[in-house]
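Chains A and B, in that order, are what the protein sequence lines are.
Mapped onto my numbering, the consecutive letters of the first sequence carry residue numbers -8 to 181.
Mapped onto my numbering, the consecutive letters of the second sequence carry residue numbers -8 to 181.
This list has only true hints and no planted wrong ones.
Remember, identical chains collapse to one label, so a pair may be satisfied in a single copy or spanning two.
Dumping the calculated SDA-like pairs for lysine to any residue here, alpha-carbon to alpha-carbon at most 20 angstroms: (1) K72 / G93; (2) K72 / E97; (3) K41 / S106; (4) K72 / E49; (5) K80 / L11; (6) K(-2) / T173.
Derived by calculation from the structure, the hints in this document are not laboratory data.
2 protein chains.
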Amino acid sequence: MKALEEKILKEGKILPGNVLKVGSFLNQQMDSDFIMEIGREIARLFAGEKITKVVTVESSGIALAVAAGIALHVPSVFAKKHKSANMSKEVYTASVYSYTHGETYEIAVAKEYLSSRDRVLIVDDFLANGNAVKGLMRITEEAGATLAGCAIAIEKGFQGAGDELRAKGIRIESLALIDSMTESGVTFRA
Amino acid sequence: MKALEEKILKEGKILPGNVLKVGSFLNQQMDSDFIMEIGREIARLFAGEKITKVVTVESSGIALAVAAGIALHVPSVFAKKHKSANMSKEVYTASVYSYTHGETYEIAVAKEYLSSRDRVLIVDDFLANGNAVKGLMRITEEAGATLAGCAIAIEKGFQGAGDELRAKGIRIESLALIDSMTESGVTFRA
Chain A
-8 MKALEEKILK EGKILPGNVL KVGSFLNQQM DSDFIMEIGR EIARLFAGEK
42 ITKVVTVESS GIALAVAAGI ALHVPSVFAK KHKSANMSKE VYTASVYSYT
92 HGETYEIAVA KEYLSSRDRV LIVDDFLANG NAVKGLMRIT EEAGATLAGC
142 AIAIEKGFQG AGDELRAKGI RIESLALIDS MTESGVTFRA
Chain B
-8 MKALEEKILK EGKILPGNVL KVGSFLNQQM DSDFIMEIGR EIARLFAGEK
42 ITKVVTVESS GIALAVAAGI ALHVPSVFAK KHKSANMSKE VYTASVYSYT
92 HGETYEIAVA KEYLSSRDRV LIVDDFLANG NAVKGLMRIT EEAGATLAGC
142 AIAIEKGFQG AGDELRAKGI RIESLALIDS MTESGVTFRA
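Sequences are here, hints too, so could you generate the full structure?
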């Protein structure tokens, strides 16, 4: 998605530790029209896949999952990172290690929101080491649902998880696929 | 908003401790078309208010803030609940006590995403004791921004915070305003 690559080059900031900060339009602050454009692009890519549910993990995936859900006219569900007081105890869970925060957390989806009749599209803002996406895939499997694929805004291709999943036959659509990232700039896969 | 009241009566579950669970369409699972309908209703209510930014707090407010931002064609910003490794240290913060979780947490918005030129619309899924909204109001004030008002999906009117804020001259628009809630049902303010 050319518009996303251009936005990354214009507004993205590269911080130490391979961190690409896109908080001005994709994370903490969300460029609404652009988020909706991404949602429509995801819907276009997965049209015909009979998606019944968009699944993501809180918090930074929610905006894109909502936009994709709106464009596909199907519900979106977000996995919670902490067990919440008003959440059903009947949950699907997976452990996820976060390199960003250096800790393992549980993600959970209430069983009532995911079933074996669902065709799931996993959506997230970033794919780097792939731990969050793999956790969502385990939850999808636990629910007996069918995984149609994953739609990612920005893939850090140089960290390998995207290609590892593709090699397993999983459809990974990344709207911007970064091949290398240094302090002097970002290179996208041709 | 009649459609929201009907959805609460049909799908909402009342749990002990005055908890209204609307996870099937507003929180953990989001009914996409309906979320967008709420976004358009919020935009209609605040049309002419020259809103420049929709502000909420993670996680459950994000979907509505995104939908309102899309409908208003302005960016939305979410306050983070925990200081994140890749967030600027230059943040506006406020302490918020959560009755649901029985703890105080910090909410923070990076200074670069909110300024004195902004006209802010605060959006959240619930208004009960008002602590989250008041925290967002303190952050808005700290930024020198102008508060245009608050748009809330579901106000628990019997907890009083909404009317307390209205008495101070703050515009609070709740799409469903619950006057009483017992195990036998929900009554909306006429």
